[in-house]
Amino acid sequence: MEQIEVPDQFVDNNEFQLEGIDFITNGDQYLTFTLGEENYGIDILVVSEIRGWDVPTHIPNAPAHVKGVTNLRGTIVPIVDLRTLFHLGEAEYKPTTVVIVISLTNERVDRTMGFVVDSVSDVLNADVDEVKSHSSFGGSVPPDYVDGLVNVGEDIVTLLNVEQLLSLDDDHAEH
Amino acid sequence: MAIEMEQFYDIFFEESLEGLDVMEQSLLSMNSGSETDLEIINNIFRAAHSIKGGSGTFGFTEVAEFTHVLETLLDEARDGKYTLTEESIELLLRSCDCLRNMIFALQAKESIDTEQSKELIEAFNKILDEENGGGGSAPSAELASESNASAEDDGLKNWQIVFVPEPEVLQTGNEPLRLFKELAALGELSCKAHFDKLPSCEELIADECYLSWTLELKNSDASEEEILEVFDWVIDECKLEVKAVSGETEQDVEREVESKSAEVHEEKEIPNAKEEPKQAPKPVAAKPAAPKSGGNENAGSAASASASSIRVGIDKVDNLFNLVGELVITQSMLSELGNNFDMTKLEKLSSGLEQLLQNTKEMQESVMRIRMLPISFAFNRFPRMIRDLSVKIGKKVELIIQGESTELDKTVMEKISDPLVHLVRNAIDHGIETAEERLEKGKPETGHIRLDAYHQGGNIVIEVGDDGKGLNKDAIFNKAVEKGLIERDVQLTEPEIFDLIFQPGFSTAQQVSDISGRGVGMDVVKRNIKSLGGRILIESKIDVGTTIKVHLPLTLAILDGQLVRVGEEVYVVPLLAIVESLQIKSELVNRVSGDILLYRLREDNVPIIRIYEEFGIEADNVDIDNALLVVVEGDGQKVGLLVDELLAQQQVVIKSLESNYKRVDGVSGATILGDGSVSMIIDIPGLISYSSKRSRKRSHVKAA
Amino acid sequence: MAQILIVDDSASMRNMVVTTLKSAGHQVVDAPDGQAGLDKAKSGRFDAVVTDLNMPVMNGIELVKNLRNLSSYKYTPILLLTTESSMDKKAAGKEAGATGWLVKPFNPEKLISTVARVLS
Chain P
1 MEQIEVPDQF VDNNEFQLEG IDFITNGDQY LTFTLGEENY GIDILVVSEI
51 RGWDVPTHIP NAPAHVKGVT NLRGTIVPIV DLRTLFHLGE AEYKPTTVVI
101 VISLTNERVD RTMGFVVDSV SDVLNADVDE VKSHSSFGGS VPPDYVDGLV
151 NVGEDIVTLL NVEQLLSLDD DHAEH
Chain V
1 MAIEMEQFYD IFFEESLEGL DVMEQSLLSM NSGSETDLEI INNIFRAAHS
51 IKGGSGTFGF TEVAEFTHVL ETLLDEARDG KYTLTEESIE LLLRSCDCLR
101 NMIFALQAKE SIDTEQSKEL IEAFNKILDE ENGGGGSAPS AELASESNAS
151 AEDDGLKNWQ IVFVPEPEVL QTGNEPLRLF KELAALGELS CKAHFDKLPS
201 CEELIADECY LSWTLELKNS DASEEEILEV FDWVIDECKL EVKAVSGETE
251 QDVEREVESK SAEVHEEKEI PNAKEEPKQA PKPVAAKPAA PKSGGNENAG
301 SAASASASSI RVGIDKVDNL FNLVGELVIT QSMLSELGNN FDMTKLEKLS
351 SGLEQLLQNT KEMQESVMRI RMLPISFAFN RFPRMIRDLS VKIGKKVELI
401 IQGESTELDK TVMEKISDPL VHLVRNAIDH GIETAEERLE KGKPETGHIR
451 LDAYHQGGNI VIEVGDDGKG LNKDAIFNKA VEKGLIERDV QLTEPEIFDL
501 IFQPGFSTAQ QVSDISGRGV GMDVVKRNIK SLGGRILIES KIDVGTTIKV
551 HLPLTLAILD GQLVRVGEEV YVVPLLAIVE SLQIKSELVN RVSGDILLYR
601 LREDNVPIIR IYEEFGIEAD NVDIDNALLV VVEGDGQKVG LLVDELLAQQ
651 QVVIKSLESN YKRVDGVSGA TILGDGSVSM IIDIPGLISY SSKRSRKRSH
701 VKAA
Chain G
1 MAQILIVDDS ASMRNMVVTT LKSAGHQVVD APDGQAGLDK AKSGRFDAVV
51 TDLNMPVMNG IELVKNLRNL SSYKYTPILL LTTESSMDKK AAGKEAGATG
101 WLVKPFNPEK LISTVARVLS
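Residue numbers (the working numbering), protein chains in the order written: chain P, 1 to 175; chain V, 1 to 704; chain G, 1 to 120.
None of these hints come from the bench; they were simulated from the model. Just so you know, these numbers come straight off a predicted model, no measurement behind them. Check each hint, because a few of them may be wrong.
Unchecked claim - Simulated pairs of lysine-lysine, DSS-like, Cα-Cα distance not exceeding 25 Å:
#	chain 1	residue 1	chain 2	residue 2
1	V	443	V	541
2	V	530	V	415
3	V	662	V	585
4	G	89	V	239
5	V	441	V	473
6	G	22	V	239
7	G	110	V	181
8	G	110	G	22
9	V	441	V	396
10	V	181	G	74
11	G	89	V	81
12	G	65	G	89
13	V	530	V	410
14	V	541	V	473
15	V	197	G	74
16	G	42	G	65
17	V	243	V	192
Throw the hints in and build the complete structure from the sequences for me.
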C-alpha cells in the first residue's frame, strides 16, 4: 500500500474533535479539485499521489465511469472518471486533466483507485465546525458520496466520502 | 533473561511432521525390500529421537513419553538386538499417525488424546519384554540407580576426595582446575597435589596429566551426589574416592593449600605453551570466514520461521543474491550513463538495457524457482496409501514412482494433491484386477501403479498409470447412453469415449466402493485440473492398462500467452488453450439460428466469438471474410475468437484484477506488458459461458 | 562472551540453543550435521562446541573424533547433547574425546550454566 509522507502537524486528527458531535470526516485537511464548475474535496490523508491522465486499458463491460485499469508501479489500479460518475460537465481529457490516486486500508475497504478530475486546486484547512451537513442540499452527487459542505469565500466545497468512492457500489451512481 | 520457549514451537512442529514423513517413508521402504538396511533404521531412529529430544525440551510430555518407547525399540533394532517384524512395522506406522495427531493437537492448542498412544505403548512394551525376557526397561533402571545414591543429611559436612585422573584426561578438554573451581563453589576447598608420577623432563608428554590430588571440602552442604556430579564427565577417566569425614581434618592441610595454586598453574601452562604458536595464524583465516557463515545461518533460520513457510535450498537463495548483485551493477552503470548522456553513448545504452533485460529475466526465473518444490512432496503420501488400500481390498499392488525430483510451484502442488489421490485410488479400485483375475490373464500376480512426472515445454506432466484391465470402450459408451449423456447413434472417437468418464454422474464400476467413492469422482478431478489451467488425457488398452496424463502449468503466477490485438486493446490468450490460429475462409462459415456463426474446422463446427462484441469495444475488422480466428478450447468446447492481429507470444505475470476492482466476466486477470501498459488475460471457459449466456438473452429479446 | 559452535540436525533444538546462548551474550554459529559442523569449526575458531549425537551425514561421535584430530580443537570443550536412554553413547562420546554432556531434555538455564562451566 502506498503511504504518503504527511507532516506531523497534519496527523493529529483528534485535535479538533468535539465531544458529542459525530462527523464522518477523519481529517481536517482536504485536497480540493474541480469537476466541471463545482469544487470538491477529499481527505488529504488518503491521497497517495496525483498523476496526469493517461488512457487506461479498457475493462470489458465495465460501467461508463470506470475508464479502465492502469499500471501503478506494478499494481493494477482501476480509474474512475468522477465527472461521468456524478454527471458533471464534459468528460474531456485535456493536458490539465489529472488522476487523484486514493489508497485506503481499513477493516471495510482495502483498495487503491484512481479518480479522474478536471483539475486539482488547493489544500483546504477546515475545522470540524466549519463542515456543514449536506442534507438540505439536493445536488447531482448522490448523498451517500457526500460527507459535508464547506464554505470557502464565495464557493462551496463538497467533501466526498472516501469509503463510498472506493466501494465500487455502482447502484448509487447509475441514476 | 528468560527464554520464551513458545517461539520454537512452530519450528518444532514443522520439523516433527517432516520427521514423521521421513519415518513413514523409511518404514514403507523397509516393508517392500527384504533386506533391512541399517541406514534406513538409522533414519527412522533419528526422526524418533529428534522428536523425543525436542518434545522433552519444549515440555510436550505426552509426545516425549511416547517417542521414548518408540526410540527404545528402534535403538535395539539399530544395534541388531531386535529384528523388526511385519507386526512391529505396522505398529510403527500407526505410531506415525498417532504422533501426527498429537502434533496437530498441539498445533491447534488442543489437549492430546492419549488413548491411542497408550495402546501403542503397551504393544511396544510387550514386544520389548518378549525380546529382553524382562530386562527390557533398561533405561529407566539406569535412571533409578543414579538417583538412589542420595543419602540426605541436612547439616554441613566435610568431605575428603581423592582424585587420580588418567593421563589422557586433558585430551577431552577436562581441566582439573575447572573441576576444583566447581568444588570450591560447594564449600571450603583445600587441595593437596601428588607429584609422585611426574616423569623426568625428557619423558614428559605435554598434554598428559601426571598429577593426582587429595581434596578436602569443608563445611559443605553438598551431598555425595552433588560432588560426584562435578566429576560426572571424567568419572571413567579417573580413580575417585569420595568419603565423608568427621571433625577435624588432617593437620598438614594448611601447608598444602599454598602449593595448590602454583601446581595447578603449572599444569595449565604446559599444554598452552605448546599450543600458542599453532594458534597464532588462526585469527587471520577466521576473519573472512565469519561473516559468510553468519549469513547462512540467518537465511536458514528465516526460512524455517513460520508455519506456512517453504524451505528454500541455500543455493537458490545464493543464486538470487548473485543476480541482485548483477542487477545493481547494471543499474549503476545505466544511471551513470544517464548522468551525462550524449548520442555517442547510444550503443552503450542499448547494450546496458539489453543486460538489464537479461538480468531481469534471470531474476524472474530465479524467484520462480524459489516457489518450486519437487513433486515428491505430493508423491510421498502414496506409498502408505497404496499399502493400506491394497491390504483393505485384497489386491496385490506395487507402486513405482519416477521423476519425483521434478519441480513445480507450491500452490499448484497443493491443489493437485487431492485429484492425484483420486486418480490413484481409482486405478487401484477399478484398474488393477484381483490376483486371481491377473493370473488367469497370464499377468503377474502383483499389479503396478506408476506415478511419473516430467517437464514438457512450460508444463509439467504427471502420469498415473496402471497395468490393469484398461478401459472398455463399449462399456463406457453403453453406460453413457444409459445415463442419457449421449445419443446412441453418435460417432465418437476413442479419446472422446474415454473422456466420457469425466462427465458428471458417470460410473463404470458395477458397485460403488468406499475406496474411490464413485459418482462424484472423476468429474471433480477434471474440474480441479481445469481450474488450474491444466488438461487431462487418457490412454488405455484393454488388459494392458490405463495411463492418465495430467498436464499442468508449472506455476499459477506466470502464464504462457499469445498476445492478440482487437482494435486498440491487446489481450492475452493462454497458449495452453489455443488449438490453432487460422485465416477464415468464408465458404466454411455457416450462419445458424440467426446470430450464431459456426466455422467448419474439419469435422467440428466451431462457434465464432467476436471479442469486440463481447467486450464492447471497437475493432478494425468486423467483416468475417479473411478475418483471423484463434481457435481455443475451454471446458471441452472449441470456439473461435475473432481478432484483428496476432502479436507476440510471451510469458506474462498474472496480476489480480480483484484486489482493487472486482471480477470481470471473460477475464481471468491482468498483466503488465513490456511497455508498462496493462493487458487483460482472457478466461476462455469464462468467455464461452458468458458469450452463450448473452446470445441466449439476445434470442429471448428477439423472440419477445 | 565466547564463540560457540552448535551442531544439531533438529532445527527447533538448534534454534533454541542458539537463541539461549546468544541471550547469554555468546556469539553462536550453528550447523545442521557433523560434516557441516566440522567445516565451520575449521573455518572459524570456537571456544566451545555443543553437538547432538544422532545426526545425518556425520554423527556427533565422529565429529568429536574429527575435532580432536585438529590441533586447534585438541583441548576445546566439547559438550554432547544426549538423552538419558543413550548412556552407553556417553561412554562412546568420552572415548572419542568429548568433554562432557548435557542430558536432554534440558532447560535454557541448565544449558547456560553448563556452557559457563566448561568455559571457566
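Exercise. Quick one, are residue 441 of chain V and residue 473 of chain V close enough, alpha carbons at most 25 Å?
Worked result: 19 Å, holds
Exercise. For the pair supplied as a hint, residue 441 of chain V and residue 396 of chain V, is the alpha-carbon distance within the 25 Å limit?
Worked result: 15 Å, holds
For this session: Measure nothing beyond the straight line between the CA atoms of residue 197 of chain V and residue 74 of chain G; if it is 25 Å or shorter, mark the hint as holding.
Result: 23 Å, holds
For this session: Could you grab the alpha-carbon distance between residue 541 of chain V and residue 473 of chain V and see if it respects the 25 Å cut-off?
Result: 9 Å, holds
Problem set entry | Pairwise hint evaluation, residue 541 of chain V against residue 443 of chain V, where the allowed Cα distance is 25 Å at most | 14 Å, holds
Exercise. Is it true that the CA of residue 662 of chain V sits at most 25 Å from the CA of residue 585 of chain V?
Worked result: Distance of about 38 Å is beyond 25 Å: violated.
Exercise. For the pair supplied as a hint, residue 110 of chain G and residue 181 of chain V, is the alpha-carbon distance within the 25 Å limit?
Worked result: 18 Å, holds
Problem set entry | Pairwise hint evaluation, residue 81 of chain V against residue 89 of chain G, where the allowed Cα distance is 25 Å at most | The hint holds at about 16 Å.
For this session: For the pair supplied as a hint, residue 181 of chain V and residue 74 of chain G, confirm whether the alpha-carbon distance does not exceed 25 Å.
Result: The hint holds at about 22 Å.
Problem set entry | Pair hint outcome, residue 22 of chain G versus residue 239 of chain V [Cα-Cα no greater than 25 Å] | 37 Å, violated
Exercise. Is the Cα-Cα distance between residue 530 of chain V and residue 415 of chain V 25 Å or less?
Worked result: Judged against 25 Å, a Cα distance of about 11 Å means the pair holds.
Exercise. Are residue 243 of chain V and residue 192 of chain V close enough, with their CA atoms no more than 25 Å apart?
Worked result: Holds - the C-alpha atoms of residue 192 of chain V and residue 243 of chain V are around 16 Å apart, at most 25 Å.
The earlier numbered hints that this structure contradicts are 3, 6.
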